[in-house]
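Undergrad: From first to last, the protein sequence lines are chains A and B. When we follow the working numbering, the leftmost residue of the first sequence carries the number 1, and every step to the right adds one. When we follow the working numbering, the leftmost residue of the second sequence carries the number 258, and every step to the right adds one.
Here are some, though not all, of the chain A residues that point toward chain B, as calculated from beta-carbon distances under 7 Å:
1. Gln-128
2. Ala-131
3. Leu-134
4. Val-137
Worth flagging that the hints you see were computed from the coordinates, not collected in a lab. Backbone N, C-alpha and C fix where the C-beta goes; we use that ideal spot for every residue, glycine too.
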Amino acid sequence: MNRLFADLWYAFRNFLETFGAMQLFLLRILAYSPKTLITRFRLIAHEIYAIGAMSLVIILICGLFVGMVLGLQGYDTLSQFGAEEGLGTAVALSLLKELGPVLTALLFAGRAGTALAAEIGLMRATDQLSAMELMAVDPIRRVVVPHFLGGVISLPLLTAIFNMVALFGAYIIGVSWMGVDSGAFWSQMRPYVEVADVMEGVVKSIVFGVAVSVLAVFEGYNAFPTAEGVSRATTRTVVISAIVVLILDFMITAILI
Amino acid sequence: MAESGRDNIILIDDLYFTRGQKPIFNGLDIAFQRGKITAVMGPSGTGKTTLLRLITGQLVPERGKILVDGQDITKLKRNELYVLRKRFGMLFQNGALLTDLSVFENVAFPLREHTKLPERLIKHIVLTKLHAVGLRGAADLSPSELSGGMARRVALARAMVMDPDILIYDEPFTGLDPISLGVVLRLIKRLNDSLGITSIVVSHDVEETSSIADESYLISEGRVVASGTPSELRTHGNAVVQQFLSGMADGPVPFHYPGRDYRDQLLDRDET
Numbered sequence: 001m002n003r004l005f006a007d008l009w010y011a012f013r014n015f016l017e018t019f020g021a022m023q024l025f026l027l028r029i030l031a032y033s034p035k036t037l038i039t040r041f042r043l044i045a046h047e048i049y050a051i052g053a054m055s056l057v058i059i060l061i062c063g064l065f066v067g068m069v070l071g072l073q074g075y076d077t078l079s080q081f082g083a084e085e086g087l088g089t090a091v092a093l094s095l096l097k098e099l100g101p102v103l104t105a106l107l108f109a110g111r112a113g114t115a116l117a118a119e120i121g122l123m124r125a126t127d128q129l130s131a132m133e134l135m136a137v138d139p140i141r142r143v144v145v146p147h148f149l150g151g152v153i154s155l156p157l158l159t160a161i162f163n164m165v166a167l168f169g170a171y172i173i174g175v176s177w178m179g180v181d182s183g184a185f186w187s188q189m190r191p192y193v194e195v196a197d198v199m200e201g202v203v204k205s206i207v208f209g210v211a212v213s214v215l216a217v218f219e220g221y222n223a224f225p226t227a228e229g230v231s232r233a234t235t236r237t238v239v240i241s242a243i244v245v246l247i248l249d250f251m252i253t254a255i256l257i
Numbered sequence: 258m259a260e261s262g263r264d265n266i267i268l269i270d271d272l273y274f275t276r277g278q279k280p281i282f283n284g285l286d287i288a289f290q291r292g293k294i295t296a297v298m299g300p301s302g303t304g305k306t307t308l309l310r311l312i313t314g315q316l317v318p319e320r321g322k323i324l325v326d327g328q329d330i331t332k333l334k335r336n337e338l339y340v341l342r343k344r345f346g347m348l349f350q351n352g353a354l355l356t357d358l359s360v361f362e363n364v365a366f367p368l369r370e371h372t373k374l375p376e377r378l379i380k381h382i383v384l385t386k387l388h389a390v391g392l393r394g395a396a397d398l399s400p401s402e403l404s405g406g407m408a409r410r411v412a413l414a415r416a417m418v419m420d421p422d423i424l425i426y427d428e429p430f431t432g433l434d435p436i437s438l439g440v441v442l443r444l445i446k447r448l449n450d451s452l453g454i455t456s457i458v459v460s461h462d463v464e465e466t467s468s469i470a471d472e473s474y475l476i477s478e479g480r481v482v483a484s485g486t487p488s489e490l491r492t493h494g495n496a497v498v499q500q501f502l503s504g505m506a507d508g509p510v511p512f513h514y515p516g517r518d519y520r521d522q523l524l525d526r527d528e529t
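Pulled out of the complex, with its shape left as it was, chain A reads as follows (with noise of 0.2 Å):
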């Protein structure tokens, strides 16, 4: 039984030296982002482009099977009660509110996190980051900080496009397989989806994408510098990452609703 406190209690310690190391390390990264912003926005664009624009395959083609799916569910629920026009409706609502920010960071999580911290991981493990160090370049502003704001910068638009495809995808289910009327389909929506509803999906977006990016340079950064401390790294980023942006999902949602 005291071996088991004891387990517990070195999890705990050792969980809260991590998060606070994190906290210290996003605070650092934040305090350089201005001036990166500025004097390196080409390493910035670079990274948009490795990271957001190479993962465009997978959101579009998960946002258009995500919309198609909500298409054909919301329409068999909403004929129940002979609603069917109000299908725009309450896809763009889930859309816009949950399942684009939460699904875009998930898929984010896997494509991009995952591709960050193994990046990162690698050049410490072949002392790429102390050449640097050595050179008198600090890595965390020439490296770390473009990967993060390139990852910051990423989600927000690749939620915008997921819930653009996902939108259409549920529009060629509902109006073109079902026959719902494609006015009401748009119409419909005017009314009930207002900007205070777009902007819980941005302001989600953007603390997921804050989140998941330093999640993974962070672990990136840290990685033990062997094969096995860097595959470790990607692991953990997927892992936490999607525990992280469930979590913070209910707390965003809990504070703005």
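Since the structure of chain A is already known, use the hints to place chain B on it.
TA: Quick look at chain B alone, frame taken from chain A:
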């Protein structure tokens, strides 16, 4: 302690460093003379690379001083450390080239980060340095297209692109074919002779290192066991020095890692 009257650029005084539970250095004293090639040798696992990381301020010792031109590197703030590091160039064992940049951009990297030189001048400097290591023709290649020896030569070009006062080489000869080894050996000597750069060579390749070093230190079990010119070391009375220089498998530095009695372990007897 180093004797007086010498012009030391780096002075390590009574250095203590522990990793985990294992003491790496206990009371290490080394003096690196300005403009000379100093070799630090020792069996694997004696903390040679750790010493380099301490000298460059990447690790902090528990006790002791590391003075670079009178400045104690262990007491510097991050900004001051970065200013001092501009005086260092370091050649990593694996080259540590930035894999997302070409050979040219790797060598240009410190110039682009620290200077605002016009592109033409950067090109001129980078090509000069690459020419010095014989790889001007490889400027457009990516690091993944280079052999181990070539990568190390590119890393050497990058290490000297800012014209450092002190060049540090971490195991520069390990894993090189005889031609690349000869090239690197001559380059280290030539850089030292023509530019007066202070060179610190950390290595366990006795023959190669002794052929260029002005002075050598042999470390074992956290301390300097012998120092002097290569010829002085060869006639040194210490048993560790003789075992290391002659490459004997067993001696004061044991061949076997400490463990249980061989017979007991084979017969699966419990330790008593």
